[in-house]
Each structure stands twice: as structure tokens, then as C-alpha cells.
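Assemble the complex: chain C is given as a structure, and chain H must be docked to it using the hints.
If you read the protein sequences in the order shown, they are chains C and H. Heads up: the first sequence is residues 1 to 286, going by our numbering. Heads up: the second sequence is residues 1 to 286, going by our numbering.
Hints may contain errors.
Identical chains share a label here; the pair holds if one copy fits it or two copies do between them.
Lysine-lysine pairs mimicking DSSO-like chemistry, simulated, CA-CA at most 27 Å apart [claimed, not checked]: (1) Lys127 - Lys245; (2) Lys112 - Lys85; (3) Lys142 - Lys110; (4) Lys168 - Lys149; (5) Lys107 - Lys248; (6) Lys78 - Lys94.
Honestly, the hints are just simulated from the structure, not real lab data. Please read these numbers as outputs of a predicted model, since none were measured by experiment.
2 protein chains.
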Amino acid sequence: MFTITFLGTSASVPTVDRGMPSLAVKYGGELMLWDCGEGTQRQLMRYRAGFGSIDAIFITHPHLDHFLGMFGLLETLKLSSVSPKPLTLVTSQKFDAQNYPFVKQTKMRKGKIHSGNGFEISAFPVKHCRGSYGIIFREEDKLKFYEEKAHSLGLKGRMFQEIQKKGKVEAGGRTVRLEDVTWTRPGRKVVYTGDSAPDENTASAAQGADLLIHEGTFDASMEDEARERQHSTVEDAAVIAKKAKVKKLIITHISPRYSDSSMLLKQAQEIFNNTIIASDGLTVEI
Amino acid sequence: MFTITFLGTSASVPTVDRGMPSLAVKYGGELMLWDCGEGTQRQLMRYRAGFGSIDAIFITHPHLDHFLGMFGLLETLKLSSVSPKPLTLVTSQKFDAQNYPFVKQTKMRKGKIHSGNGFEISAFPVKHCRGSYGIIFREEDKLKFYEEKAHSLGLKGRMFQEIQKKGKVEAGGRTVRLEDVTWTRPGRKVVYTGDSAPDENTASAAQGADLLIHEGTFDASMEDEARERQHSTVEDAAVIAKKAKVKKLIITHISPRYSDSSMLLKQAQEIFNNTIIASDGLTVEI
Numbered sequence: 001m002f003t004i005t006f007l008g009t010s011a012s013v014p015t016v017d018r019g020m021p022s023l024a025v026k027y028g029g030e031l032m033l034w035d036c037g038e039g040t041q042r043q044l045m046r047y048r049a050g051f052g053s054i055d056a057i058f059i060t061h062p063h064l065d066h067f068l069g070m071f072g073l074l075e076t077l078k079l080s081s082v083s084p085k086p087l088t089l090v091t092s093q094k095f096d097a098q099n100y101p102f103v104k105q106t107k108m109r110k111g112k113i114h115s116g117n118g119f120e121i122s123a124f125p126v127k128h129c130r131g132s133y134g135i136i137f138r139e140e141d142k143l144k145f146y147e148e149k150a151h152s153l154g155l156k157g158r159m160f161q162e163i164q165k166k167g168k169v170e171a172g173g174r175t176v177r178l179e180d181v182t183w184t185r186p187g188r189k190v191v192y193t194g195d196s197a198p199d200e201n202t203a204s205a206a207q208g209a210d211l212l213i214h215e216g217t218f219d220a221s222m223e224d225e226a227r228e229r230q231h232s233t234v235e236d237a238a239v240i241a242k243k244a245k246v247k248k249l250i251i252t253h254i255s256p257r258y259s260d261s262s263m264l265l266k267q268a269q270e271i272f273n274n275t276i277i278a279s280d281g282l283t284v285e286i
Numbered sequence: 001m002f003t004i005t006f007l008g009t010s011a012s013v014p015t016v017d018r019g020m021p022s023l024a025v026k027y028g029g030e031l032m033l034w035d036c037g038e039g040t041q042r043q044l045m046r047y048r049a050g051f052g053s054i055d056a057i058f059i060t061h062p063h064l065d066h067f068l069g070m071f072g073l074l075e076t077l078k079l080s081s082v083s084p085k086p087l088t089l090v091t092s093q094k095f096d097a098q099n100y101p102f103v104k105q106t107k108m109r110k111g112k113i114h115s116g117n118g119f120e121i122s123a124f125p126v127k128h129c130r131g132s133y134g135i136i137f138r139e140e141d142k143l144k145f146y147e148e149k150a151h152s153l154g155l156k157g158r159m160f161q162e163i164q165k166k167g168k169v170e171a172g173g174r175t176v177r178l179e180d181v182t183w184t185r186p187g188r189k190v191v192y193t194g195d196s197a198p199d200e201n202t203a204s205a206a207q208g209a210d211l212l213i214h215e216g217t218f219d220a221s222m223e224d225e226a227r228e229r230q231h232s233t234v235e236d237a238a239v240i241a242k243k244a245k246v247k248k249l250i251i252t253h254i255s256p257r258y259s260d261s262s263m264l265l266k267q268a269q270e271i272f273n274n275t276i277i278a279s280d281g282l283t284v285e286i
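This is chain C alone, in the form it adopts within the complex:
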């Protein structure tokens, strides 16, 4: 299972419909939060996104609206178990977590920052405030067998393990090489910008990604305000998605001024068609 649930999709200030930024990312048995704005613990419950089993929290940048919910969540985890399971916290500013001995802190920085079961997480700097990073989820490539071909060449049983270990195996009186009976399924890739002005780093990080989650705080007419505040318009997000040739774009971090997102969608889709404007509770399977 590889799903992403948008727990909060508002920018700076919540609305009745949009909570503060947070994404719940589930892969295999692991659950991560990307950002953790005020109210995230309640959104986790509301959208049944696996409350209480969080393995890691990544805070993209040190702005209050992206991390305040962490304190309530950590307190709840502490209250709800005598020994909460270890939780990795990745931030660019170290937090005083002495009350939460189950928290293991890691510095948010460029490059690989975390590895899970079958995937790794790395980060890349983006233009916003000091210590702002985008996040790359990269699934490991998987070796897949052409099963019919392998069987026809005489492979069976433990030979499948052996050929993977040694690169070749003797079968039906001849040598079968691994590359003759397998292909590589490239790992899936998802990139999340956090808050960011349009940034070439994102375009490179997201090359060919299955999904780009890009902030789009403003509509296209507010480009000046977007530049001034180091945010993106929905058009900016779409331009990056197109440049990076991603499969799908989801735009989040929507300014509270837009109670209806249809204009935002239209503007983005004129540039990059496979776009969704996120709403709270949206869950996508990758």
C-alpha cells in the first residue's frame, strides 16, 4: 500500500474547510507525516489515517503553521502509551524534546535523511525561508522476473533465490543469466515542495516523478504577492510539473481567500492537465 492523505490544505490560516498543512504518507506498514500544522492530530482521526502509529515526522521549514500540531501530537502519544514507539523527527531547527524520550531527532538537510522498509527519503533546499526543504520519497527499484520465460528456461523453486544471489544459475543443462529473465521495475517517486517560490531545484528533484505535490498559494493574478512572500501561484506549480514531466500534479497550501478552487484548477490545467487541487481528506493511491 502506498497512499497519501491530505490532512490539511490551507495556507497560513485555517478555514472551516481547510486545516493547517500536513500530509499522511503510508507505505507498506509505515506512516509518516510531512508537516504537522495545528490540529493535525484531530485531522488524523477525522480521516482515519492511522492515528497513533506514526513512525516519522518531517517538518519542511520552521514556520509555526507547519509544525505547531507536533506538540499536541507528541503529548497525545506520550499520554496514550507507557512506552510509545520510537518516532523520528526531522527538522531544520532542533526542538526541545526532552519530555518525549521516544523522539529521535534528525537534521533536515540536503540529501538522504531517512530510510524505511523499501524506500528512502531525501531533501532538497527550496526558496522560501531559511531552512526550507522539499521532500523526495523514492521507492527502491524492484527486480521482476519474466515468469514465463524463466520457467521455460527451466528455473524453478530455490533457483530463483540462487540466480538473484549469484547473477546466474545452472538450469536444464545450461547457464541462465539474471539479466535474461528479469527486468527492473523502477521505484515510484513522489516529491513535495513544502512552502516554496518556484524553484529549479524542484524541477530537477521531481524529474519523472509519479506525483508532484506543489504548493500553490495564489491564483495567477497574484504573482507579485506570491514572489514577495516566496510562495507560488498555481501556474508556477503547473510550469514546474510540466518541466519535470511528472505524471500527476496535486496543488495544496491554498490561500484562505479561495473558497472555491475551480478557477485555480482551470489556471493550472491550461499548463498541466493532470492536476488536482487538494482538499482536506483527499487520499491518493500512488
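Relative to chain C, chain H alone:
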């Protein structure tokens, strides 16, 4: 107008239905928050309780679940105006509010802590953690005229001001005394415990109150746990309400374990009939 809206009614941890503790208290043109748990700013929007016009915030005790929402709210107030209106913040622990120059801090302590237009707020210590206080809202007594009697004695026009100023006035050839034509309408009183074990201080503070808002974290069968954690059962709350002869009791701060509050209501009403178990969004006129 004198209304109280229950913005969040859960204890320690939110649920899908109950947010973290906060009450919006409106009197005349003023709006106060009593406690300000995580997510309060969003609850203020959801229940249209006057977001953005807050005059004062009172934090009953320094536990995170009662004050975390303050930070998000202050940040939002700062973002939404070049010069936010002054806000009084009453806490038993001083906060670093240097980023919020519109905040004026006052220490939560026994006695009078705040006065508004036609009312004052005082506090009394309660048994919970260090620095835990209950809050008393007391409306000023109002002088009311027996209008028919006053007119029959010849009072008219500016004489009504004069008699209030001097205690008497000449009318129709004789002296009319203030006490002959007026009565005193006692100010309304509302008391809120914050988190508290059952406490005689509450019973005294709430004597004859129009409304007692008492925490009731647990049902009656969990008295031992309530004692251990310095909380109250719903029966404890009802016993205090009865002892204080209040007009109405509202029980809030409900443990997340109770998804249905009918048992809680039944237990409390066996002791004090005019009881409500609060739910998020409940608004009462005093």
C-alpha cells in the same frame, strides 16, 4: 448579549466530535476566550464565534492541552492586521510574547484579574496542577426604576439622571428618594472551573451562580482515576452545583472514552437536575 459558546469539550486528547478545551464568552461588545486548546482558531470560525475580535484570553492552568491553540491564534491575529487590537493574556506562567506586541500579559492569581465594560473577572485557586485557577465572571449590579411609580411621583426627563447622581430629587413639590423608585438587579454570575478535582473553593465561588461550568472528565465509576489525576467525575460536578445552589450546570472536559454522553447526563441529573453535558458548538444565553 451574554452568550457562551463551547468551542472544544474534550479532555486531554481531541476526538472527531470534540475539540480541545476553549470557551468563547461574549458580553456586550467584548469577546473573551477561557482556555485556548489546539485548534481553537478553527473552532472559532466553525461556530462563528467572532474570530479576530478577541479582547482577552484566560488560561486556567499551564497544561499544553489548554493553551497550545494560543500560538496559532496570535500568529493569525498578527498576520491579519498591521496593528491588531490590544489583547489581554492572563496566565499563571508568563509566555514569551515578544513577537506579539499587541499582547498585554497579566498574571493569573486569586482575586480580581480583569475588568470589562459592565463586568469583572476574578479567579480562585483549584486543586489540579500548580497554577490552576477557576474563573468567576460577575456582571455589575444594575439599578432599575419602577417606572410607573417614578412617573406617578412626577419624575420625568433629566430628573432620572439627577436622582441617580444625588440620591434624591424634587418633583411635584416633594422630595423623591432614589430607594423609593428603584430596585437593584443583581449582576449575573458564571463560574468555570478549568481542570479541577472537586474543590470547596468552587462551591463557595459559585454560590448562587446563574451558570456553573464544571469539568467532568469521568463517569462516577471512575472516581479513583479522577482522584489520582486531580479531575472530577460528573457526580462530583453535580454535587458542587447542588451545594452552590447554582441555577444551571454545564459539564465539559469529557474524556475521549465516552462517545455517548447519555450515561454521564443520567449520573449528574440524579444529583442536580438542571444539567447539560456540553458538546462542541453548544451556545448558551445566560
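(request) State the violated hints by number, sorted upward, taking the hints as numbered earlier in the document. (result) 5
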